[in-house]
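> Sequence:
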Amino acid sequence: MVNTIRGEIDSGGLGRTLSHEHLTTGAAGMERIPGFMDTAERRQEMVDRCVEALARVRQSGIDTIIDLTPFDLGRQVWLFEAVAERHREHDVNVVCATGVYRWVPPIYFNWDPDEVAEHFVREIEDGIEGSDIRAGIIKLAWDLEARLTEGRNPPRAQMEKMARGAARAAKAAGVPISCHTLATDKLGVPLLDIFEDEGLDLRAVTIGHSNDTDDMAYLTGLAARGATVGLDRFFTTEETYVAQRSAIALNLVRAGYAEQVCLGHDAQPAGFWGKWNPERRSDLWTLVPEHEVPWMQANGASDDEIDAVLRRSIRATFDAAARMKG
Numbered sequence: 000m001v002n003t004i005r006g007e008i009d010s011g012g013l014g015r016t017l018s019h020e021h022l023t024t025g026a027a028g029m030e031r032i033p034g035f036m037d038t039a040e041r042r043q044e045m046v047d048r049c050v051e052a053l054a055r056v057r058q059s060g061i062d063t064i065i066d067l068t069p070f071d072l073g074r075q076v077w078l079f080e081a082v083a084e085r086h087r088e089h090d091v092n093v094v095c096a097t098g099v100y101r102w103v104p105p106i107y108f109n110w111d112p113d114e115v116a117e118h119f120v121r122e123i124e125d126g127i128e129g130s131d132i133r134a135g136i137i138k139l140a141w142d143l144e145a146r147l148t149e150g151r152n153p154p155r156a157q158m159e160k161m162a163r164g165a166a167r168a169a170k171a172a173g174v175p176i177s178c179h180t181l182a183t184d185k186l187g188v189p190l191l192d193i194f195e196d197e198g199l200d201l202r203a204v205t206i207g208h209s210n211d212t213d214d215m216a217y218l219t220g221l222a223a224r225g226a227t228v229g230l231d232r233f234f235t236t237e238e239t240y241v242a243q244r245s246a247i248a249l250n251l252v253r254a255g256y257a258e259q260v261c262l263g264h265d266a267q268p269a270g271f272w273g274k275w276n277p278e279r280r281s282d283l284w285t286l287v288p289e290h291e292v293p294w295m296q297a298n299g300a301s302d303d304e305i306d307a308v309l310r311r312s313i314r315a316t317f318d319a320a321a322r323m324k325g
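Following numbering that gives the first Met the number 0, the numbering of the sequence shown begins with 0 at its first residue and continues without gaps.
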């Protein structure tokens, strides 16, 4: 079973899924900063934007989005609750996350991996911040700070600890892990090394933002180890961009890894990336189903391969994680 913001569903009910999205983003505590979401009007607009975007992507044939916003990236439980209440208006499943974003917060510095795991499991099994919303996936983020290995509490050491905690939580609670990575630094490799050392089934792991590189040796290497390759950044419909990003997906499909590729945008309809975006867009989650997928089909991808990429790959990560529980 998979936790969504409306309760549990069978993994087969996920359907066509966008693997890496956000309702909102910013920072932990941003709800208490004047000018962000401190008025009823702003909060209502945030909810409306999310519902509109979900309804629009449902028209494109998407059944589920995975929201990978941990607390330090600005996760808002009230927003999940409000969007769940308006489910009839959009009919999209939303899976939300526990975990940690970039630059591990100091609150975790003195925790050991088991304490990290206990916290993540609590948000998966008991609920987030005292609510009935339970996380269905664990988020990790490894970016340029992974290069920093010296000094007191170096970022790399903290990130490795969090990865071990995430692996232990995934095994205990039976949920998958999805990783924001800096693909140009090939950070999926050390992450998979840690997960293997922790005894994790790598089929339950997605190495995300991998379409920020077209290094096929790196990408096929991730898949060959059993991981799912998250091609989950897609920001524009500019023709050359669509062709470049879509070709990465098609090349992995042609290499035999359709069942280990997932797609997404890394986009948010109500986010605060620096400040409130006045542009109200309901179509930001439609680029994959309405541009990338048609490009892949026009260039030889079969209906079965598209089904593998949008549906079966994601289900497989949840099923692999569930088999580890215990």
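Hints in this document: simulated from the structure, not taken from any laboratory.
We put the beta carbon where it would ideally sit given N, CA and C, even for glycine.
Any given hint could be a false lead.
[As the list claims (entries may be wrong)] The calculated label-pair distances, taken between Cβ atoms and stated as ranges, are:
id : residue 1 : residue 2 : range
1  : 109       : 213       : 36 to 42 Å
2  : 298       : 41        : 20 to 26 Å
3  : 298       : 196       : 34 to 40 Å
4  : 234       : 5         : 41 to 47 Å
5  : 322       : 125       : 18 to 24 Å
6  : 183       : 113       : 28 to 34 Å
7  : 109       : 85        : 37 to 43 Å
[Unchecked claim] The calculated SDA-like cross-link candidates involving lysine to any residue, where the alpha carbons are at most 20 Å apart (straight line), are:
id : residue 1 : residue 2
8  : 324       : 102
9  : 185       : 124
10 : 324       : 171
11 : 185       : 131
12 : 185       : 220
13 : 160       : 102
14 : 274       : 80
15 : 160       : 220
16 : 274       : 40
17 : 160       : 84
18 : 324       : 200
19 : 324       : 124
20 : 160       : 197
21 : 274       : 10
22 : 324       : 112
23 : 185       : 142
24 : 324       : 0
25 : 324       : 290
26 : 160       : 185
27 : 185       : 217
28 : 274       : 288
29 : 324       : 30
30 : 160       : 223
31 : 185       : 102
32 : 160       : 217
33 : 185       : 147
34 : 324       : 10
35 : 274       : 6
36 : 324       : 39
37 : 324       : 6
38 : 274       : 124
> Would you mind marking each hint as holding or not holding in the structure?
Now the hints, each set against the structure:
1. For the pair residue 109 and residue 213, the beta carbons lie near 41 Å from each other, so the given range of 36 to 42 Å is met.
2. Judged by the Cβ atoms, the range 20 to 26 Å given for residue 298 and residue 41 is violated: they are separated by roughly 43 Å.
3. Range check, residue 298 to residue 196: Cβ separation about 39 Å, and the 34 to 40 Å hint holds.
4. Separation of residue 234 from residue 5 is about 29 Å and departs from the stated range, judged on CB atoms against 41 to 47 Å.
5. The beta-carbon spacing between residue 322 and residue 125, approximately 22 Å, falls within the hinted interval of 18 to 24 Å.
6. Checked against the hint of 28 to 34 Å, the pair residue 183 and residue 113 passes, with Cβ atoms roughly 33 Å apart.
7. Between residue 109 and residue 85 the CB atoms are about 41 Å apart, so this pair conforms to the stated range of 37 to 43 Å.
8. Pair hint residue 324 plus residue 102 does not hold up; C-alpha atoms about 29 Å apart against a cutoff of 20 Å.
9. With a C-alpha separation of about 32 Å, the suggested pairing of residue 185 with residue 124 is violated against the 20 Å cut-off.
10. Among the hinted pairs, residue 324 with residue 171 is consistent with the structure: their alpha-carbon atoms are about 5 Å apart, no more than 20 Å.
11. At roughly 37 Å between alpha-carbon atoms, residue 185 and residue 131 are farther apart than 20 Å, so this suggested pair is violated.
12. About 10 Å separates the Cα atoms of residue 185 and residue 220, which keeps this hinted pair within 20 Å; it holds.
13. Pair hint residue 160 plus residue 102 holds up; C-alpha atoms about 13 Å apart against a cutoff of 20 Å.
14. For the proposed pair residue 274 and residue 80, the alpha carbon gap of about 23 Å is over 20 Å, so the pair is violated.
15. Restraint check: the Cα-Cα separation between residue 160 and residue 220 comes to about 24 Å, which exceeds 20 Å; the hinted pair is violated.
16. Annotation: proposed proximity of residue 274 to residue 40 holds, straight-line Cα distance about 16 Å (limit 20 Å).
17. A distance of roughly 37 Å separates the Cα atoms of residue 160 and residue 84; the hinted pair therefore is violated under the 20 Å criterion.
18. With a CA separation close to 11 Å, the supplied pair residue 324 and residue 200 stays within the 20 Å bound.
19. Between residue 324 and residue 124, the direct Cα distance comes to roughly 12 Å. Compliance with the 20 Å bound is thereby established for this hinted pair.
20. Taking the CA atoms of residue 160 and residue 197, the gap is about 11 Å. The hint holds against a cut of 20 Å.
21. Of the supplied pair hints, the one linking residue 274 and residue 10 is violated, its CA atoms being roughly 36 Å apart against a limit of 20 Å.
22. Under the criterion of a C-alpha separation no larger than 20 Å, the hint pairing residue 324 with residue 112 is consistent with the structure, at around 18 Å.
23. As the CA atoms of residue 185 and residue 142 are separated by approximately 10 Å, the hinted pair is consistent with the 20 Å bound.
24. Note on residue 324 and residue 0: the hinted pairing holds, with a Cα-Cα distance of about 12 Å set against a maximum of 20 Å.
25. Distance check on the hinted pair: residue 324 and residue 290 sit about 37 Å apart at the alpha-carbon level, beyond 20 Å; violated.
26. At roughly 19 Å between alpha-carbon atoms, residue 160 and residue 185 fall within 20 Å of each other, so this suggested pair holds.
27. Our distance criterion of 20 Å between C-alpha atoms is met by residue 185 and residue 217, whose separation comes to about 7 Å.
28. Distance restraint check for residue 274 and residue 288: the Cα-Cα separation of roughly 28 Å exceeds the 20 Å cut-off, and the hinted pair is therefore not satisfied.
29. Restraint check for residue 324 and residue 30: the C-alpha separation of about 35 Å exceeds 20 Å, so the hint is violated.
30. Under the criterion of a C-alpha separation no larger than 20 Å, the hint pairing residue 160 with residue 223 is inconsistent with the structure, at around 25 Å.
31. Among the hinted pairs, residue 185 with residue 102 is consistent with the structure: their alpha-carbon atoms are about 18 Å apart, no more than 20 Å.
32. At roughly 24 Å between alpha-carbon atoms, residue 160 and residue 217 are farther apart than 20 Å, so this suggested pair is violated.
33. Taking the CA atoms of residue 185 and residue 147, the gap is about 15 Å. The hint holds against a cut of 20 Å.
34. Distance restraint check for residue 324 and residue 10: the Cα-Cα separation of roughly 15 Å lies within the 20 Å cut-off, and the hinted pair is therefore satisfied.
35. Between the alpha carbons of residue 274 and residue 6 the distance comes to roughly 32 Å, so the proposed pair goes past 20 Å and is violated.
36. For the suggested pair residue 324 and residue 39, the alpha carbons sit about 41 Å apart, so the restraint of at most 20 Å is broken.
37. The suggested pairing of residue 324 with residue 6 holds, with an alpha-carbon distance near 19 Å, which does not exceed 20 Å.
38. Taking the CA atoms of residue 274 and residue 124, the gap is about 33 Å. The hint is violated against a cut of 20 Å.
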